[in-house]
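Peer 1: Protein chains in written order, with our numbering: chain B, 1 to 190; chain Z, 1 to 286.
Quick caveat, the hints were computed from the structure, so don't treat them as lab data. Incorrect hints may have been included.
SDA-like cross-link-like pairs, simulated, lysine to any residue; straight-line CA separation at most 25 Å [what the hints assert, rightly or not]:
hint : chain 1 : residue 1 : chain 2 : residue 2
1    : Z       : K4        : Z       : T94
2    : B       : K78       : Z       : P212
3    : B       : K100      : Z       : V190
4    : B       : K27       : B       : E38
5    : Z       : K120      : Z       : T28
6    : Z       : K281      : Z       : E10
7    : B       : K100      : B       : K72
8    : B       : K97       : Z       : K120
9    : Z       : K174      : Z       : L252
10   : B       : K72       : Z       : P17
11   : B       : K100      : Z       : G30
12   : B       : K87       : Z       : E10
13   : Z       : K120      : Z       : S84
14   : B       : K78       : B       : S154
15   : B       : K100      : Z       : A22
16   : Z       : K217      : Z       : A42
17   : Z       : K189      : Z       : A59
18   : Z       : K43       : B       : P60
19   : B       : K100      : Z       : V21
20   : Z       : K4        : B       : W66
Footprint (simulated), chain B over chain Z, 3 or more residues, beta carbon under 8 Å [claimed, not checked]:
hint : segment
21   : 44-50
22   : 129-135
Positions of the beta carbon are idealized from the N, C-alpha and C atoms, including for glycine.
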Amino acid sequence: MAKLGPAQYSPYPVAVYEGVLNPPPGKALLFNDIVDEETAMREAAKAMLTRENATIFPGPQVLYAWNEEAKKKAKLIKEMAEVLNAKIIPMYDYRPKYPKIDPDIEINPNHPNLTIWHNKIKACIFIGVHCHYANVALKIIRSETDCFTIAMCSMAGHEDAMITVRDQHSEDLEKFIEIAKEVKKELGLA
Amino acid sequence: MSLKIYELNEEFKNIVPQEIVALQENATWGNPKRGVMDLPVAKELLEEHSLCAGCPEAAALRYILASLPNPEDTIIVNSTGCTSLMFPHIALHTVHSLFGNQNSVATGIKRTLEWRFPDKVKDVVVLAGDGATVDIGLDYTLQSFFRQEKITTICFDNEVYANTGGQESGLTPKGHVFKMAPKGKQFEKVPMWQLAIDSGCHYVARLTVSSPKRVEKVIKEAIYVAREVGPTYVHLYTPCILEIGLNSDDGLDEMRSRDKERFKFFEYKTPEAEEVIAKYKEEGLL
Numbered sequence: 001m002a003k004l005g006p007a008q009y010s011p012y013p014v015a016v017y018e019g020v021l022n023p024p025p026g027k028a029l030l031f032n033d034i035v036d037e038e039t040a041m042r043e044a045a046k047a048m049l050t051r052e053n054a055t056i057f058p059g060p061q062v063l064y065a066w067n068e069e070a071k072k073k074a075k076l077i078k079e080m081a082e083v084l085n086a087k088i089i090p091m092y093d094y095r096p097k098y099p100k101i102d103p104d105i106e107i108n109p110n111h112p113n114l115t116i117w118h119n120k121i122k123a124c125i126f127i128g129v130h131c132h133y134a135n136v137a138l139k140i141i142r143s144e145t146d147c148f149t150i151a152m153c154s155m156a157g158h159e160d161a162m163i164t165v166r167d168q169h170s171e172d173l174e175k176f177i178e179i180a181k182e183v184k185k186e187l188g189l190a
Numbered sequence: 001m002s003l004k005i006y007e008l009n010e011e012f013k014n015i016v017p018q019e020i021v022a023l024q025e026n027a028t029w030g031n032p033k034r035g036v037m038d039l040p041v042a043k044e045l046l047e048e049h050s051l052c053a054g055c056p057e058a059a060a061l062r063y064i065l066a067s068l069p070n071p072e073d074t075i076i077v078n079s080t081g082c083t084s085l086m087f088p089h090i091a092l093h094t095v096h097s098l099f100g101n102q103n104s105v106a107t108g109i110k111r112t113l114e115w116r117f118p119d120k121v122k123d124v125v126v127l128a129g130d131g132a133t134v135d136i137g138l139d140y141t142l143q144s145f146f147r148q149e150k151i152t153t154i155c156f157d158n159e160v161y162a163n164t165g166g167q168e169s170g171l172t173p174k175g176h177v178f179k180m181a182p183k184g185k186q187f188e189k190v191p192m193w194q195l196a197i198d199s200g201c202h203y204v205a206r207l208t209v210s211s212p213k214r215v216e217k218v219i220k221e222a223i224y225v226a227r228e229v230g231p232t233y234v235h236l237y238t239p240c241i242l243e244i245g246l247n248s249d250d251g252l253d254e255m256r257s258r259d260k261e262r263f264k265f266f267e268y269k270t271p272e273a274e275e276v277i278a279k280y281k282e283e284g285l286l
């Protein structure tokens with residue numbers, strides 16, 4: 001039997017315990033490596049375009065129209081989903097669902113693995129999820145599923161995701177969409 | 001906090017569950033005249049809860065949430081107990097404090113909000129059980145009254161530590177026997193409403209939640225007085241039907257019978273509180 005990790009929750013250690021840290025400003029994280037943002041974006045687009053049931057998980061910071069940036073990001077995420085042929089499943093708040101969540105239509109940070117297992121999601125993008133909850137959710141997904149996780153974070157990033165791009169604002173999303181279109185063409189999917 | 005945090009981007013309205021869209025479109029935000037009469041028609045701020053079927057505490061919380069005059073700018077501080085099972089489910093900002101610490105935490109929040117948003121009305125409401133208010137947190141509760149903190153403290157009194165198996169609390173009446181108090185309570189119920197008056201609360205009420213309209217009136221008065229004058233205290237009887245051996249549909253009858261005896265409606269207002277209440281009555285908000 002696998003040994004439990006230091007927090008006694010899971011046999012799989014979190015990324016920090018394996019020496020993986022967030023990328024410095026201007027850089028991105030691809031598995032254990034610090035890479036250029038563009039390289040990470042290309043790999044992210046490739047993963048989303050080639051893996052089964054790719055899904056975007058937008059969080060409250062982009063779901064709700066609380067400022068102009070959020071409104072802009074919402075439009076771009078819709079466009080991103082079209083380019084990547086991805087489904088959108090919202091993480092609209094962080095309240096635990098009682099008696100259970102409906103994994104077809106929602107994801108909750110306290111048990112994100114249920115939505116991933118149910119929909120057989122093999123690649124996903126976290127965007128607009130508050131960092132403390134993204135951290136929890138990404139750790140669970142990393143240890144309990146085979147889903148390829150991509151964190152598009154407007155702050156410092158998330159080392160538990162397979163790909164982390166940090167400081168992502170609407171202009172960066174536009175750049176990512178352009179890169180995704182190119183990758184799609186290269187893969188012959190356009 | 002802005003009401004815009006409940007406003008969904010148009011792009012996502014069709015993928016978000018109906019109850020979240022309803023929270024934006026059909027909840028009573030920005031209307032100080034909201035009240036328990038909205039319950040059948042408006043979206044409630046409590047989506048679901050994990051309390052026992054028929055628990056009067058759940059009814060109390062629904063009435064309180066429906067009565068908050070300013071929910072979009074209200075912070076709720078709660079403590080350990082049955083109530084802590086409900087707070088993660090409500091659509092407002094809530095802070096879960098350490099057991100008994102709730103009035104200290106609320107003090108910090110209230111003072112910070114006053115400093116950070118001097119031009120905005122922000123209500124801080126403490127909701128805690130009898131263990132947190134009267135046993136473990138009595139010191140913190142009374143100290144916040146002594147300091148004249150402008151917060152509303154609401155105690156859900158079920159007269160027992162219910163979710164840990166039935167230990168007696170300070171608010172258990174003398175002689176009551178519970179599973180974990182087989183010899184019966186040896187001393188009298190702590191008269192918390194009286195302590196609140198002696199400690200400087202400007203508005204104190206003791207009641208059961210058998211009458212939703214009365215709960216609404218009391219909660220609104222307590223919040224308005226806390227906003228303008230100083231600490232207020234509301235003592236609600238919300239019996240634990242399981243621990244006193246009742247069925248899930250017996251809660252209301254139990255409260256009605258106590259309405260006539262130890263939880264007979266009692267209200268105390270200082271002259272300053274009377275003034276505030278009269279002012280809000282004139283404005284049609286009470």
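Peer 1: Quick one: which hint numbers does this structure break? Sort them smallest to largest.
Peer 2: 2, 3, 6, 7, 8, 11, 13 and 22
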